[in-house]
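Asker: My request is simple: use the sequences and hints to build the entire structure.
2 protein chains.
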Amino acid sequence: MAYQSKIAEAIIRRLPIYYRYLDQLESEGVERISSRELGNRMNVTGSQFRQDISCFGGFGQQGYGYHVPTLKRHIGEILGMDRGYAAVLVGVGNMGRAIMSYDGFRKEGFRIVAAFDNDPHIVGTEMNGLTIRDFSELEPFLEEQKIDVGVICVPADNAQMVADLLVNNGIQALWNFAPVDLHHPDTVKSTNVHLSDSLHILTYLMNEDALFEKKKNHSLT
Amino acid sequence: MAYQSKIAEAIIRRLPIYYRYLDQLESEGVERISSRELGNRMNVTGSQFRQDISCFGGFGQQGYGYHVPTLKRHIGEILGMDRGYAAVLVGVGNMGRAIMSYDGFRKEGFRIVAAFDNDPHIVGTEMNGLTIRDFSELEPFLEEQKIDVGVICVPADNAQMVADLLVNNGIQALWNFAPVDLHHPDTVKSTNVHLSDSLHILTYLMNEDALFEKKKNHSLT
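Note that the protein sequences, when read in sequence, are chains A and B. Numbers 392 to 612, taken from my numbering, label the letters of the first sequence in order. Numbers 392 to 612, taken from my numbering, label the letters of the second sequence in order.
Fair warning: there could be bad hints in the mix.
No copy labels: a pair is met if it fits in one copy or bridges any two.
Said to hold, decoys possible - Within a straight-line C-alpha distance of at most 25 Å, the following computed SDA-like cross-link-like pairs (lysine to any residue) qualify:
| id | residue 1 | residue 2 |
| --- | --- | --- |
| 1 | Lys498 | Thr461 |
| 2 | Lys397 | Gly500 |
| 3 | Lys397 | Asn598 |
| 4 | Lys537 | Met518 |
| 5 | Lys397 | Ser587 |
| 6 | Lys498 | Asn485 |
| 7 | Lys397 | Phe440 |
| 8 | Lys498 | Asn583 |
| 9 | Lys498 | Pro546 |
| 10 | Lys498 | Leu602 |
| 11 | Lys397 | Ala601 |
| 12 | Lys498 | Ala601 |
| 13 | Lys498 | Glu599 |
| 14 | Lys537 | Met597 |
| 15 | Lys537 | Ser589 |
| 16 | Lys498 | Met597 |
| 17 | Lys537 | Asp600 |
| 18 | Lys537 | Glu599 |
| 19 | Lys498 | His585 |
| 20 | Lys397 | Glu604 |
Hints in this document: simulated from the structure, not taken from any laboratory.
Answerer: In structure tokens:
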């Protein structure tokens, strides 16, 4: 949950959202925008936005607003998107395939250079230009190649074992899709994609009116 | 980004995380826990946790801490997990399959009762006990059945069209996996799973030390 970072978690969470909106604006041909307008589009106040990005140095000019392509590039740099990180993916089930086949990541400078599975029906097959390798080849592969990120798409029961193997072989960052929280040294960075969290937020929103209706009725009796 | 709800977005975001930790504690056999201990486990302060759940009425007893199974059930109820919401899924590609094959959702009272695609190679095949239906059957299906949630797993270009069709046929909530933000009436609830956001947070964390190192050096010159 907490990211152990220099910047407040809430701000870090907003950066990718800012990036997405700026990308959208750029594709709409918008070249310059005020922080107030930008805030309106992104559902934050202009001053919130200014404050957030001031953590990384100021990019705007008072009275002139922001130059959209420049601001997008700056935020992309903050997000490390110019680094061209290389990743291995472990677990080529449905989720693994979904990630491998999403072209957007490559566009953003994130390259999955190899994928591994332990199912003999999957090993040797092709997926998005990669031949799936046997899991036993993962360790020697990591010894030879400089890999930054491990993408974990294995079932929950195997996720910690895979994480340990990746970390013990020099991987510094884990992108985890298994529905468990992983243990790893503090020096290793990780994010978890808990799909059920977003489902629970949705069902909360669906349930909210009834919830407060019930509470109101209770307090009347 | 904003949820247009009665409760602050940050609190809503934390509820599913609390639920996951309580589920974990229960499975470890922990029966009673103080808010301070609970906070430690979940990386928030005890008072933050108490404050968050006090929005929904208090569940603890001063000095006795929380009864884990009761608190878990209460938070589950807040999250609408006792409602047994029914869903249709549109787009049985890799992501759609990943969601259909995840048993955890059913355990949590969320049922995908039908799945639709427009690919003749996919229509008619079986997936997790469901026969995939042709997309043209979606509208008549929604007229006959009471469905709460539409799960959108189609490519970005088709997502808004699918969302419109779902909403026009009475769907009140959209769980969107397409990498676009959808437009819909305010009465409809929605959450977006933007996988790239979590990747960007990860690459930000990997990049952070270098980022601030660079900044420090700049300010010295």
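Asker: Now look at each hint and say whether the structure bears it out.
Answerer: Here is how each hint holds up against the structure:
1. In this assembly of identical chains, the alpha carbons of Lys498 and Thr461 lie at most 25 Å apart only when taken from the same copy (18 Å versus 47 Å across copies).
2. When the C-alpha separation of Lys397 and Gly500 is checked against a cutoff of 25 Å, the pair qualifies only within one copy, where the shortest distance is 24 Å, while the shortest distance between copies is 39 Å.
3. For the homomeric pair Lys397 and Asn598, the shortest alpha-carbon distance between copies (12 Å) is at most 25 Å, but the shortest distance inside one copy (36 Å) is not.
4. For a Cα distance limit of 25 Å, the shortest separation of Lys537 from Met518 inside one copy, 22 Å, qualifies, whereas the shortest one across copies, 38 Å, does not.
5. In this assembly of identical chains, the alpha carbons of Lys397 and Ser587 lie at most 25 Å apart only when taken from different copies (22 Å versus 28 Å within one copy).
6. Proximity of Lys498 to Asn485 under the C-alpha cut-off of 25 Å is found in both arrangements, the shortest distances being 22 Å within a copy and 20 Å between copies.
7. Proximity of Lys397 to Phe440 under the C-alpha cut-off of 25 Å is found in both arrangements, the shortest distances being 18 Å within a copy and 23 Å between copies.
8. In this assembly of identical chains, Lys498 and Asn583 lie within 25 Å of each other by CA distance both inside one copy and across copies; the values are 22 Å within and 20 Å between.
9. Taking CA atoms no more than 25 Å apart as the test, Lys498 paired with Pro546 passes between copies only; the shortest distance there is 16 Å, against 28 Å inside one copy.
10. Only between protomers do Lys498 and Leu602 lie at most 25 Å apart by alpha-carbon distance; the minimum there is 22 Å, versus 43 Å within a single protomer.
11. Taking the closest pair of Cα atoms, Lys397 and Ala601 come within 25 Å of each other only across two copies (12 Å); inside a single copy the shortest separation is 40 Å, beyond that limit.
12. Taking the closest pair of Cα atoms, Lys498 and Ala601 come within 25 Å of each other only across two copies (23 Å); inside a single copy the shortest separation is 43 Å, beyond that limit.
13. Proximity of Lys498 and Glu599 under a CA criterion of 25 Å is satisfied inter-copy only: 21 Å between copies versus 38 Å inside one chain copy.
14. For the identical chains of this complex, Lys537 and Met597 are inter-copy neighbours only, at 15 Å across copies versus 46 Å inside a copy, given an alpha-carbon limit of 25 Å.
15. When the C-alpha separation of Lys537 and Ser589 is checked against a cutoff of 25 Å, the pair qualifies only between copies, where the shortest distance is 22 Å, while the shortest distance within a copy is 34 Å.
16. Taking the shortest alpha-carbon separations for Lys498 and Met597, only the inter-copy value of 19 Å comes in at or below 25 Å, while the best intra-copy value is 35 Å.
17. Taking the shortest Cα distances, Lys537 and Asp600 sit within 25 Å of each other only across copies (19 Å), while inside one copy they are farther apart (52 Å).
18. When the C-alpha separation of Lys537 and Glu599 is checked against a cutoff of 25 Å, the pair qualifies only between copies, where the shortest distance is 20 Å, while the shortest distance within a copy is 48 Å.
19. Taking the shortest Cα distances, Lys498 and His585 sit within 25 Å of each other both inside one copy (24 Å) and across copies (15 Å).
20. Within a single copy, Lys397 and Glu604 get their C-alpha atoms only as close as 41 Å, which misses the 25 Å cut-off; across copies the closest is 12 Å, which meets it.
In this structure, every one of the numbered hints holds.
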